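**Q** Take the sequences, apply the hints, and build the full model.
As they're listed, the protein sequences go chains E and Z. Numbering (the working numbering) for the first sequence: 1 to 311. Numbering (the working numbering) for the second sequence: 1 to 327.
Hint data in this document are derived by calculation from the structure and do not stem from the laboratory. Values in this document were obtained by computation on a predicted structure and should not be read as measured data. Misleading hints may appear alongside valid ones.
Quick list of simulated restraints, FRET-style, between CB atoms [claimed, not checked]:
| id | chain 1 | residue 1 | chain 2 | residue 2 | range |
| --- | --- | --- | --- | --- | --- |
| 1 | Z | Leu124 | E | Val38 | 24 to 32 Å |
| 2 | E | Gln144 | Z | Arg222 | 29 to 37 Å |
| 3 | Z | Leu3 | E | Lys20 | 52 to 60 Å |
Heads up, the beta-carbon is just placed ideally off N, CA and C, and yes, glycines get one too.
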Amino acid sequence: MAESHLKIAARRIRRDRIAKAAFLVVCLFAAIALLDVVPVPRHEAGGLRLDRTALDALFQKEVEKSYSPPLAGTGVLNRHEFPLKSRHLLGTNNLGEDVLYNALKGVRTAFIIGIVPSVLAAFFAVFLGLFAGFYGGRIDDAIQYVYQVLSSIPAILLLIAMLMVMERGLWQLCVALGVTSWVGLCRLIRGETLKVKNMEYVEAARALGASDLRILLRHILPNVMYLVIIEMTLDFSGLVMSEAVLTYIGLGAEPGTGSWGRMLMTADRELPNAIWWNLAGASVFLFLLVLAFNLFADSLRDALDPRLRKD
Amino acid sequence: MGLYILRRVVLAVPTVLGVCLVTFLLFNVFASPEAIARKQLGKNPTAVQVKTWITAHGMDKPMFVNLERGRDGRLHPFDSRFWNHMRELVLFQFPESDYLHEKVGALLRVKIVPSLTLTVPAFLLSILIALPLALFIAYYRGTYLDRVALFVCVILMSIVILNYIILGQYLLAVVFKYFPIYGYEFGLGAWKFLLLPVILAVAAGLGGNLRFYRTVMLNEVRADYVRTAMAKGVSEERILFKHVLKNAMIPVLTVTVLSIPFLITGSLLLEMYFGIPGMGNMMLNAVNNHDYPVIRTLVYIYSLLYIAGSILTDISYTLVDPRVTFE
Chain E
1 MAESHLKIAA
11 RRIRRDRIAK
21 AAFLVVCLFA
31 AIALLDVVPV
41 PRHEAGGLRL
51 DRTALDALFQ
61 KEVEKSYSPP
71 LAGTGVLNRH
81 EFPLKSRHLL
91 GTNNLGEDVL
101 YNALKGVRTA
111 FIIGIVPSVL
121 AAFFAVFLGL
131 FAGFYGGRID
141 DAIQYVYQVL
151 SSIPAILLLI
161 AMLMVMERGL
171 WQLCVALGVT
181 SWVGLCRLIR
191 GETLKVKNME
201 YVEAARALGA
211 SDLRILLRHI
221 LPNVMYLVII
231 EMTLDFSGLV
241 MSEAVLTYIG
251 LGAEPGTGSW
261 GRMLMTADRE
271 LPNAIWWNLA
281 GASVFLFLLV
291 LAFNLFADSL
301 RDALDPRLRK
311 D
Chain Z
1 MGLYILRRVV
11 LAVPTVLGVC
21 LVTFLLFNVF
31 ASPEAIARKQ
41 LGKNPTAVQV
51 KTWITAHGMD
61 KPMFVNLERG
71 RDGRLHPFDS
81 RFWNHMRELV
91 LFQFPESDYL
101 HEKVGALLRV
111 KIVPSLTLTV
121 PAFLLSILIA
131 LPLALFIAYY
141 RGTYLDRVAL
151 FVCVILMSIV
161 ILNYIILGQY
171 LLAVVFKYFP
181 IYGYEFGLGA
191 WKFLLLPVIL
201 AVAAGLGGNL
211 RFYRTVMLNE
221 VRADYVRTAM
231 AKGVSEERIL
241 FKHVLKNAMI
251 PVLTVTVLSI
261 PFLITGSLLL
271 EMYFGIPGMG
281 NMMLNAVNNH
291 DYPVIRTLVY
301 IYSLLYIAGS
311 ILTDISYTLV
321 DPRVTFE
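**A** What follows is the structure in structure tokens.
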């Protein structure tokens with residue numbers, strides 16, 4: 001069932017030129033993120049070390065003294081020109097780091113932030129939504145109460161509160177974003193389960209002696225999975241953008257983690273001095289990934305959602 | 001109607017208590033008093049400093065039930081962290097800010113005004129702009145114009161708000177000097193400082209709003225009453241601007257009323273960039289200074305507003321939709 005669902009969706013997306021282009025862009029970004037995962041061994045005095053990724057090996061440049069424009073031969077620090085150690089395609093930032101390299105480092109973080117919280121949220125939502133819808137009664141009441149309470153707290157405040165009590169870090173950020181984003185999907189899955197559980201094929205499975213667990217996992221879950229896929233792709237862009245904003249207000253991952261939000265932090269002081277490349281690098285990467293994913297997600301939703309399929 | 005409101009309010013009580021419980025868990029169980037004290041006291045506090053801080057904030061008391069005899073030799077079983085926390089929130093006896101050393105309640109009263117002067121105009125303006133535009137797009141649904149408009153919406157939605165603010169402030173205030181760059185003034189003089197933030201808030205939300213309202217309109221266009229009206233020979237303009245617009249108000253209302261609490265949060269980033277001394281600014285300062293009492297209180301107050309907002313939404317349904325009754 002789920003498979004044919006996906007096949008139909010894939011066929012529809014192949015026919016949609018914009019969605020296809022968007023998917024290619026997403027794949028390109030994913031490839032960059034993967035390059036940043038694969039370690040490249042190098043020989044040091046202490047033996048073999050694995051702390052560099054393929055992306056580092058390809059793009060990491062020597063750190064300069066300070067700002068330098070794209071492809072310039074010299075940079076300027078306190079009105080004195082200084083020679084650069086190498087050419088930088090997108091120039092360097094206030095710390096002399098290569099802007100292109102920083103922007104590329106942001107890709108892996110973006111994918112982690114775009115995927116891990118939604119997986120966490122989907123796990124909660126599926127588990128609780130299925131149980132609430134399937135068993136009803138007290139269990140349903142309890143689960144509904146939990147998400148009623150959580151959804152009454154504005155997400156941004158809950159996020160801030162959680163990030164304040166936790167240590168800084170990428171994974172902590174993922175957990176906080178996951179906890180604040182499962183309620184909507186849980187509601188949808190509960191509703192869908194309520195609808196599906198009284199269908200004839202579920203009754204037939206029960207008549208054949210299937211256990212509750214088997215019915216939930218084999219018969220109901222595949223029929224609500226489309227909701228999970230839609231929600232996860234639609235959430236990606238929002239999550240990536242919220243990472244930038246959260247990092248910007250000081251609640252993001254620890255320094256040293258690649259982040260477009262961190263690159264934007266210095267931008268408002270740079271622009272009046274005609275330093276545009278740092279802002280441009282971060283913004284263009286962020287915009288392209290978010291736009292491509294938005295277009296792809298919209299098309300996927302149109303293809304997967306049976307409620308939208310008739311026309 | 002009175003009875004209905006009363007019932008909704010009573011039903012909201014467990015939710016409010018749940019919110020209190022969540023804030024208690026967050027700030028007392030997940031974060032240890034020691035960790036909070038160390039963050040609040042800054043660099044390398046001595047053990048004595050930490051201890052004094054914890055005692056002064058009543059965080060050395062037992063978690064739930066106090067079984068020790070007090071100084072007066074009597075039992076005070078409810079003098080525990082949990083009960084003090086609940087009492088504080090439920091009775092609106094908000095604590096003192098750790099950083100500003102002022103009561104949070106008093107701070108809120110000062111900070112709420114600038115936030116409202118920023119967000120209320122932005123909110124009204126964005127409805128006034130997005131709704132007619134959405135109707136216009138819905139009128140041309142299925143045409144080339146519709147598709148282009150949708151694509152533009154997605155592009156607008158894909159630009160992070162930071163970019164709107166950074167570029168807007170730089171181009172319109174720094175380069176062209178149409179607006180002041182930074183600052184705020186209480187009273188009527190505020191408008192010139194608010195103009196640019198309001199414009200940017202509207203611009204940043206335009207794509208998403210437009211797409212949402214368009215979807216709402218299109219859902220209505222497929223309804224039976226539209227087909228009936230068409231069969232009667234009512235002109236398409238009249239159907240769209242009279243029948244559809246009226247019926248589309250219900251989902252629009254839901255979003256509108258539910259976003260009221262966020263009006264007061266202000267836009268965190270806008271306030272920060274343009275130096276507007278509102279709630280968003282207060283929140284950011286609290287974050288940067290590890291001011292837990294402020295955040296704790298804000299979480300509670302916004303949740304109350306949200307719950308009140310959702311009750312108001314349900315009431316307003318009955319006012320605009322005769323099919324919905326108070327039962």
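**Q** Each hint should be assessed against the structure and marked as holding or not.
**A** Evaluation of the provided hints:
| no. | hint | in the structure |
| --- | --- | --- |
| 1 | Z:Leu124 with E:Val38: 24 to 32 Å | 52 Å, violated |
| 2 | E:Gln144 with Z:Arg222: 29 to 37 Å | 31 Å, holds |
| 3 | Z:Leu3 with E:Lys20: 52 to 60 Å | 57 Å, holds |
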